[in-house]
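A.B. asks: Residue-level listing of the chains:
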Amino acid sequence: MRRLTLSLPSLQRWLGIVVKEFIQLKRDRLTFGMIIGIPIIQLLLFGFAINSDPKHLPTAVVMAEASPFARAYLAAMRNSDYFDLVGSVESEAEAARLLDRGDVQFVVTFPPGFQRALVRGEQPSLLVEADATDPVAAGSAISVLNHLGNEVFTPDLPGFHPPGKQLIELRLHKRYNPEGITAYNIVPGLMGVILTMTMVLMTGLAMTRERERGTFENLLATPATPLEVMTGKIVPYILIGLIQVSLVLLAARWVFDVPMLGSLVLLYAVVLLFICANLTLGITFSSIARNQLQAMQMTFFFFLPSILLSGFMFPFRGMPEWAQAIGNCLPLTHFLVLVRGILLKGNDVSLLWPQVWPILAFMAVVLGVGLKTFRRTLD
Amino acid sequence: MELAIDVHGLNKHFGDKHVVRDLSLQVREGEIYGFLGPNGSGKTTSIRMLCGLLTPDSGSGRCLGYDVLTQSAEIKRQVGYMTQKFSLWDDLTIAENLDFVARMFGMRGRREAVDRALDDLGLAGRRNQLAGTLSGGWKQRLALAACLLHQPRLLLLDEPTAGVDPKARRDFWEEIHRLSASGITILVSTHYMDEAERCHRLAYLSYGNLLAAGTASEVIAAQQLATWELSGPDVTGLGEALRQLSGVEQVASFGARLHVSGADAALLEPTLERFCREHGLRLAQVDSTLEDVFIQLMRHRPDPLEAAS
Numbered sequence: 001m002r003r004l005t006l007s008l009p010s011l012q013r014w015l016g017i018v019v020k021e022f023i024q025l026k027r028d029r030l031t032f033g034m035i036i037g038i039p040i041i042q043l044l045l046f047g048f049a050i051n052s053d054p055k056h057l058p059t060a061v062v063m064a065e066a067s068p069f070a071r072a073y074l075a076a077m078r079n080s081d082y083f084d085l086v087g088s089v090e091s092e093a094e095a096a097r098l099l100d101r102g103d104v105q106f107v108v109t110f111p112p113g114f115q116r117a118l119v120r121g122e123q124p125s126l127l128v129e130a131d132a133t134d135p136v137a138a139g140s141a142i143s144v145l146n147h148l149g150n151e152v153f154t155p156d157l158p159g160f161h162p163p164g165k166q167l168i169e170l171r172l173h174k175r176y177n178p179e180g181i182t183a184y185n186i187v188p189g190l191m192g193v194i195l196t197m198t199m200v201l202m203t204g205l206a207m208t209r210e211r212e213r214g215t216f217e218n219l220l221a222t223p224a225t226p227l228e229v230m231t232g233k234i235v236p237y238i239l240i241g242l243i244q245v246s247l248v249l250l251a252a253r254w255v256f257d258v259p260m261l262g263s264l265v266l267l268y269a270v271v272l273l274f275i276c277a278n279l280t281l282g283i284t285f286s287s288i289a290r291n292q293l294q295a296m297q298m299t300f301f302f303f304l305p306s307i308l309l310s311g312f313m314f315p316f317r318g319m320p321e322w323a324q325a326i327g328n329c330l331p332l333t334h335f336l337v338l339v340r341g342i343l344l345k346g347n348d349v350s351l352l353w354p355q356v357w358p359i360l361a362f363m364a365v366v367l368g369v370g371l372k373t374f375r376r377t378l379d
Numbered sequence: 001m002e003l004a005i006d007v008h009g010l011n012k013h014f015g016d017k018h019v020v021r022d023l024s025l026q027v028r029e030g031e032i033y034g035f036l037g038p039n040g041s042g043k044t045t046s047i048r049m050l051c052g053l054l055t056p057d058s059g060s061g062r063c064l065g066y067d068v069l070t071q072s073a074e075i076k077r078q079v080g081y082m083t084q085k086f087s088l089w090d091d092l093t094i095a096e097n098l099d100f101v102a103r104m105f106g107m108r109g110r111r112e113a114v115d116r117a118l119d120d121l122g123l124a125g126r127r128n129q130l131a132g133t134l135s136g137g138w139k140q141r142l143a144l145a146a147c148l149l150h151q152p153r154l155l156l157l158d159e160p161t162a163g164v165d166p167k168a169r170r171d172f173w174e175e176i177h178r179l180s181a182s183g184i185t186i187l188v189s190t191h192y193m194d195e196a197e198r199c200h201r202l203a204y205l206s207y208g209n210l211l212a213a214g215t216a217s218e219v220i221a222a223q224q225l226a227t228w229e230l231s232g233p234d235v236t237g238l239g240e241a242l243r244q245l246s247g248v249e250q251v252a253s254f255g256a257r258l259h260v261s262g263a264d265a266a267l268l269e270p271t272l273e274r275f276c277r278e279h280g281l282r283l284a285q286v287d288s289t290l291e292d293v294f295i296q297l298m299r300h301r302p303d304p305l306e307a308a309s
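Chains B and D, in that order, are what the protein sequence lines are. Going by the UniProt record's numbering, the first sequence opens with residue 1, and the numbers climb by one from there. Going by the UniProt record's numbering, the second sequence opens with residue 1, and the numbers climb by one from there.
Incorrect hints may appear among the rest.
[Unchecked claim] Pair by pair, the computed Cβ-Cβ distance ranges are:
#, chain 1, residue 1, chain 2, residue 2, range
1, B, 269, D, 9, 36 to 42 Å
2, D, 135, B, 41, 37 to 43 Å
3, D, 122, B, 38, 42 to 48 Å
4, B, 255, D, 132, 39 to 45 Å
5, B, 314, D, 17, 48 to 54 Å
6, D, 122, B, 33, 32 to 38 Å
7, B, 272, D, 132, 34 to 40 Å
8, B, 226, D, 122, 45 to 51 Å
9, D, 132, B, 143, 57 to 63 Å
[Unchecked claim] With the Cβ distance kept under 7 Å, some of the chain B side facing chain D (calculated, not the full set):
#, residue
10, 24
11, 214
12, 220
It is worth saying that the hints were derived from the structure and are not from the lab. Small disclaimer: the values here were computed from a predicted structure and weren't measured. A virtual CB, placed ideally from N, CA and C, is assigned to each residue, including glycine.
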């Protein structure tokens, strides 16, 4: 009877570990700063690239004719503040080279006979080539161009054209990244990136720190079981992960106006699953790593493909197949689909399973490895 | 008398290294048992097996009446283990460390126990100081207080006085004897001969083998080592010459005197008498000390790693 009660998990012990972790976290200013700092810095870096409305984008002009109407249009572009006309070039080829080098964001080409066609109401076309590697940067400038034609020429050509008709046809040619990542993709994706980074790293460090300082031995000499130690140590990080997510969500809602169509409860459930997957990995890293430095290195080995191959940086369907295969093994890939689905498309629970099971499978494999190595380090 | 520790034939391997070989140990309740041996001789591994931190590969035995192979959880509850290196949390305060340990042992009346321990330590005024900022001696006292908190029946101390000044060492041993008098069994590993002599009984471990066990005088007697003291003018320069003589196994300098030891007294005595006549030295047989005996034991059991290379 006595043995039975002894081997049961003890709430007091478990609570003791949780409290200890919180105290240590509070004392470790650098780590604490990192936990709060990483989401804020990443939000600032990635987030403001979205909402900021970049102006004064360098623009080159190819003028087949230097008519007054073409000049008027250019003046209007300049006045919109979105475009800085860096010069006029002779040929399409030269313009293309400027785009290639990244010297200009836009090349605007006025065709021959632009003015005559305009006066006759023939809707001349204006070719705009945009460097869309950063679709966010090009987006609002392009929408300005759309309105500009009618704004500039309607006063000069009164009653000439039926209202509502576009006076010029804008032929937009997006280069380099025709698919274009929508702005809303990034903030939800950021949630996954931040969680991957902090959850894996923090738990990885938490365990190896004990081993490196020799305190692990003391912990093991107490009646605390490995399960109590492991779970007790990760609880604070689950809480931190949820705080980070809430921080990002608040920013998404109030700063970046990201739509939230799906259920928040469902979202948090998915987040919890993802946090657990990352914590499992962190714990496993920490039982393999000999010291904190190694745990850190392992984290970055995992973090880099997660960022590059998950669909956060590049459109997932645009990657070569081998890269997609690697990406499909990473929990972040599936988490991004889940979060974007819930937030932007309003997906409900019935649509989640195809993305949930790969995360569960990842967890099972990693946990298996972790428990195996954990036992070995005890003996 | 009841045995607090009674283990037979414990073995432990790390990879292909046989760290502890057929260890058998009997420690009586309430005694102070010294655990001696050179660095890397398996002392720490043996202690970890006794308190349930490591599972022996083979062997059997009981610690405080619990099976060392299957009941490590029960053993941990009643054993206080003080690690060789300070292993409390540097970034927790003194009080937080004690509180955490009390929680780990699921103590009732935790706060009272912590306050009492702080008062006993004389650290009540510094309870909010970070443990990492304490000096070596204070860290050691805190570590002892932490492993006494849950009132264990057995204390396992792994080189507790390494790096501690003589005054603190003496105080520490006074405390150990007080605890022993109150009925707690203590197993303590050490390198210091004066500490070994303060133990009720001791064991000598060398590279996984238990070579000698008993009281200090029993261990000395068992080795049948004869020792002579040589004194006289310029005696210190003669050490090398003495080592060449047959029957001489150890020569050690003590100021202006030399101690010469050997296992074969009948061979050694006439040799030394002749040597002293030639060099005009005084010769007297003295008792072999623990140190002489341990050096002798180490000589006959060289480090297997060194022997191989």
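A.B. asks: Confirm or reject each hint.
C.D. replies: Hints, one by one, checked against the model:
1. B/269 <-> D/9: 36 to 42 Å: violated, 54 Å
2. D/135 <-> B/41: 37 to 43 Å: With Cβ atoms ~40 Å apart, the hint holds.
3. D/122 <-> B/38: 42 to 48 Å: holds, 44 Å
4. B/255 <-> D/132: 39 to 45 Å: Because 41 Å falls inside the window, the suggested range holds.
5. B/314 <-> D/17: 48 to 54 Å: Holds, since residue 314 of chain B and residue 17 of chain D (Cβ atoms, about 50 Å apart) stay within the stated range.
6. D/122 <-> B/33: 32 to 38 Å: holds, 36 Å
7. B/272 <-> D/132: 34 to 40 Å: Between residue 272 of chain B and residue 132 of chain D, where Cβ atoms are some 35 Å apart, the hint holds.
8. B/226 <-> D/122: 45 to 51 Å: violated, 36 Å
9. D/132 <-> B/143: 57 to 63 Å: Since the Cβ atoms of residue 132 of chain D and residue 143 of chain B sit about 59 Å apart, the hinted range of 57 to 63 Å holds.
10. 24: holds, 5 Å
11. 214: Holds, about 5 Å.
12. 220: It holds, given that the least Cβ distance between residue 220 of chain B and chain D is near 6 Å, below 7 Å.
Comparing the model with each numbered hint stated earlier shows that hints 1 and 8 do not hold.
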